[in-house]
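So you can see what is in the structure, the chains are spelled out below.
Number of protein chains: 2
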Amino acid sequence: MRFTIDKEQFSKALNAASKAVPTKSANPILPNFCLTLNEKGLEVLGFNGDFAVKSTVPYMINDREIIRNAGVGSTLVNAKTLAEILRSIEGSEVSVEVIDEAIMKIDDGKFSSRLNCIKAEEYPDIDLEPSGTTFTISAYEFSSLIEQSAFAASQRDQRGILNALHLEAENDKLIATATDSARLARKECPIDSDVRFAVNVPAKAALDIIHMFDGAKNVTVSIATRKILVFFDNTVVSSSLIPGDYPVTRSIIPTMFNYTLEANSSELLGAMNRVRILSMDSEPVVTIMMDEEEVEVSARNDASGSATERISTFQYSGERLQVSFNSQFVIDAIKAVKSEDVVICFLGEMKPFVVKNPKDESVVELITPMRTF
Amino acid sequence: MRFTIDKEQFSKALNAASKAVPTKSANPILPNFCLTLNEKGLEVLGFNGDFAVKSTVPYMINDREIIRNAGVGSTLVNAKTLAEILRSIEGSEVSVEVIDEAIMKIDDGKFSSRLNCIKAEEYPDIDLEPSGTTFTISAYEFSSLIEQSAFAASQRDQRGILNALHLEAENDKLIATATDSARLARKECPIDSDVRFAVNVPAKAALDIIHMFDGAKNVTVSIATRKILVFFDNTVVSSSLIPGDYPVTRSIIPTMFNYTLEANSSELLGAMNRVRILSMDSEPVVTIMMDEEEVEVSARNDASGSATERISTFQYSGERLQVSFNSQFVIDAIKAVKSEDVVICFLGEMKPFVVKNPKDESVVELITPMRTF
Chain A
34 MRFTIDKEQF
44 SKALNAASKA
54 VPTKSANPIL
64 PNFCLTLNEK
74 GLEVLGFNGD
84 FAVKSTVPYM
94 INDREIIRNA
104 GVGSTLVNAK
114 TLAEILRSIE
124 GSEVSVEVID
134 EAIMKIDDGK
144 FSSRLNCIKA
154 EEYPDIDLEP
164 SGTTFTISAY
174 EFSSLIEQSA
184 FAASQRDQRG
194 ILNALHLEAE
204 NDKLIATATD
214 SARLARKECP
224 IDSDVRFAVN
234 VPAKAALDII
244 HMFDGAKNVT
254 VSIATRKILV
264 FFDNTVVSSS
274 LIPGDYPVTR
284 SIIPTMFNYT
294 LEANSSELLG
304 AMNRVRILSM
314 DSEPVVTIMM
324 DEEEVEVSAR
334 NDASGSATER
344 ISTFQYSGER
354 LQVSFNSQFV
364 IDAIKAVKSE
374 DVVICFLGEM
384 KPFVVKNPKD
394 ESVVELITPM
404 RTF
Chain B
34 MRFTIDKEQF
44 SKALNAASKA
54 VPTKSANPIL
64 PNFCLTLNEK
74 GLEVLGFNGD
84 FAVKSTVPYM
94 INDREIIRNA
104 GVGSTLVNAK
114 TLAEILRSIE
124 GSEVSVEVID
134 EAIMKIDDGK
144 FSSRLNCIKA
154 EEYPDIDLEP
164 SGTTFTISAY
174 EFSSLIEQSA
184 FAASQRDQRG
194 ILNALHLEAE
204 NDKLIATATD
214 SARLARKECP
224 IDSDVRFAVN
234 VPAKAALDII
244 HMFDGAKNVT
254 VSIATRKILV
264 FFDNTVVSSS
274 LIPGDYPVTR
284 SIIPTMFNYT
294 LEANSSELLG
304 AMNRVRILSM
314 DSEPVVTIMM
324 DEEEVEVSAR
334 NDASGSATER
344 ISTFQYSGER
354 LQVSFNSQFV
364 IDAIKAVKSE
374 DVVICFLGEM
384 KPFVVKNPKD
394 ESVVELITPM
404 RTF
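Here the protein sequences come in this chain order: A and B.
34 is the number of the first residue of the first sequence in our numbering; add one for each residue after it.
34 is the number of the first residue of the second sequence in our numbering; add one for each residue after it.
Fair warning: there could be bad hints in the mix.
Since the list can't tell identical chains apart, any single copy or any two copies may satisfy a pair.
[What the hints assert, rightly or not] Computed cross-link-like contacts, BS3-like style, restricted to lysine-lysine with a CA-CA straight-line distance of at most 27 angstroms:
hint: 1; residue 1: K143; residue 2: K389
hint: 2; residue 1: K368; residue 2: K143
hint: 3; residue 1: K143; residue 2: K371
hint: 4; residue 1: K57; residue 2: K371
hint: 5; residue 1: K143; residue 2: K113
hint: 6; residue 1: K45; residue 2: K237
hint: 7; residue 1: K40; residue 2: K113
hint: 8; residue 1: K73; residue 2: K371
I should point out that these hints are in silico values taken from the structure, not numbers from a laboratory.
These numbers were taken from a predicted model, which means no experiment stands behind them.
All chains, please: the whole structure from these sequences, using the hints.
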């Protein structure tokens with residue numbers, strides 16, 4: 034294998050694929066990139082056992098030559114070392130040549146390096162061809178779907194069902210749900226294709242995927258039995274799915290409420306961020322006290338003291354009500370509804386409450402209160 | 034105690050004093066600020082047992098009132114909580130009142146907090162009056178003195194003599210020396226006063242002190258038996274000294290050399306930073322090979338491979354020579370001499386070598402080579 038390549042495009046592909054490369058692994062092959070130069074261009078592949086990213090550098094972009102002096106082939110080389118070298122060299126082009134399937138020479142005209150490499154046959158076989166149910170969606174819609182829901186998944190045990198983002202399609206809608214059992218986030222969006230499926234994607238993988246879109250316009254999603262594949266620009270990402278049945282969550286989101294607060298999102302976030310300095314570090318509990326005259330957030334901590342702040346802009350309907358909650362959950366929810374004003378609907382002091390965007394019914398955030406007495 | 038204070042000036046004083054406040058301490062008093070409002074203004078004091086910072090907010094700055102509605106007094110309050118509250122509130126002024134020596138009320142008109150506080154008598158007595166040998170020096174000269182030397186002190190055992198910056202004054206010169214036994218840095222500067230002393234200042238404290246100068250023009254330094262005090266603007270910093278005799282280092286800096294390399298600092302730094310990617314992570318050994326035709330830096334690592342880079346701009350006099358060293362030490366030294374070009378003088382492959390600024394004799398960096406065979 035031999036090629037001379039534009040440094041910036043090569044670095045972009047290495048950065049994308051490195052998202053899937055484990056820094057440590059019991060398998061000595063996985064900390065490597067699998068580099069393959071074929072008729073499509075230079076494929077850079079990373080894989081950690083569950084998550085794979087393959088990014089392809091094409092020979093030409095528009096009329097500009099990106100790869101020249103090419104001789105096809107493939108090899109494995111330490112991902113961290115190669116990425117660090119690319120970051121540190123100053124030239125705009127770099128020449129790469131693999132000698133005797135054992136040494137990769139890297140040269141930018143000034144700096145020269147010889148990296149030990151491994152035969153490509155040692156790399157695991159990864160099928161990154163589309164299969165199963167396939168649909169195309171705008172990258173923006175798919176990003177919003179995941180960004181507004183996946184944060185509510187549990188971050189505790191790595192392979193548990195609550196670590197998943199539950200993704201289901203039916204009746205021309207795509208619905209994403211995540212819950213860690215103390216809170217739940219649900220977001221839906223329309224979908225063109227008449228597809229039907231219900232799968233559990235690791236929430237972290239879903240977030241990693243959308244953070245790689247970087248200007249992509251549309252993405253194609255393939256749902257197979259054991260994995261999800263997402264295609265965009267010159268990149269394909271694969272994640273294994275989490276097996277098992279996701280809890281039935283639709284019926285637990287209340288639709289009728291006794292108390293409703295509408296407030297300015299940034300004022301409410303600011304007040305909660307200030308008073309929670311006085312909550313306990315381990316559980317940032319904040320209390321909101323509401324009646325038609327006054328809305329006040331407060332926190333207290335036996336060791337340090339207490340803090341309160343009144344909200345100046347609000348509309349409240351209902352009897353006087355006081356609710357305590359994990360302020361991080363409410364802050365996450367208010368940020369996720371992405372709206373200048375936020376509506377919070379309550380059923381009672383100890384009943385789950387809902388955070389909504391008053392102008393967008395597609396996103397719902399449900400939070401369980403905390404007992405403070 | 035009661036006062037209404039400009040938030041920005043209050044925050045500046047809290048930030049300065051917080052440098053001396055331990056986040057954890059066996060002594061429950063030390064994680065507090067000692068706040069004292071007296072005829073000079075509001076004194077904010079932090080102390081970790083060895084290092085103290087007292088920053089005073091004056092009543093007036095130029096013609097602007099900084100503190101108003103004042104009632105003298107003093108109290109102790111948790112430093113982290115108070116600093117976080119000041120960072121988070123939005124108003125430009127904050128009102129503080131201590132009630133019954135037990136509760137500090139903080140109010141910015143919107144946000145209101147009640148912090149538990151402790152009687153000021155519980156705080157340790159710290160003498161921050163000048164005593165012993167005292168001199169005044171420009172903040173810039175004193176910063177350079179410490180910045181160009183203190184980094185070479187050992188960072189291993191906290192109270193060992195090699196953790197010190199050795200500071201001595203004689204013959205109208207101030208000399209700072211630091212060594213971790215594998216490298217040594219020495220910087221001197223002229224001093225107006227005819228003072229004589231030799232003390233060991235914890236190198237970390239010396240660096241912390243100069244990083245607080247922030248625009249100060251002159252600083253006054255007091256050297257007492259057990260501590261050093263540094264006064265600047267509205268701040269005084271005190272550090273205890275490290276007892277014991279500092280090693281005699283003057284005679285170990287060679288003055289005659291057999292080989293001399295002059296090179297562009299940034300080219301040499303760039304080349305070393307690139308090739309050291311291929312050195313071992315634990316010991317970033319780089320080798321420099323020099324003769325009159327060619328200068329090349331290189332590194333190798335049995336697991337990953339090797340890298341080399343030629344230097345394009347240099348002057349070398351002497352026989353062909355190859356020297357290996359901890360590249361971090363040479364990178365630190367080149368940065369510390371603060372010069373466009375750098376001179377490196379060698380006696381032989383395994384003899385300590387010197388990194389110098391060709392235009393400034395006041396700074397010398399000495400480094401012991403490493404054996405690579």
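(request) Check each numbered hint against the structure and report the violated ones by number, ascending. (result) Hints 4 and 8 are the ones this structure does not satisfy, whereas the remaining hints hold.
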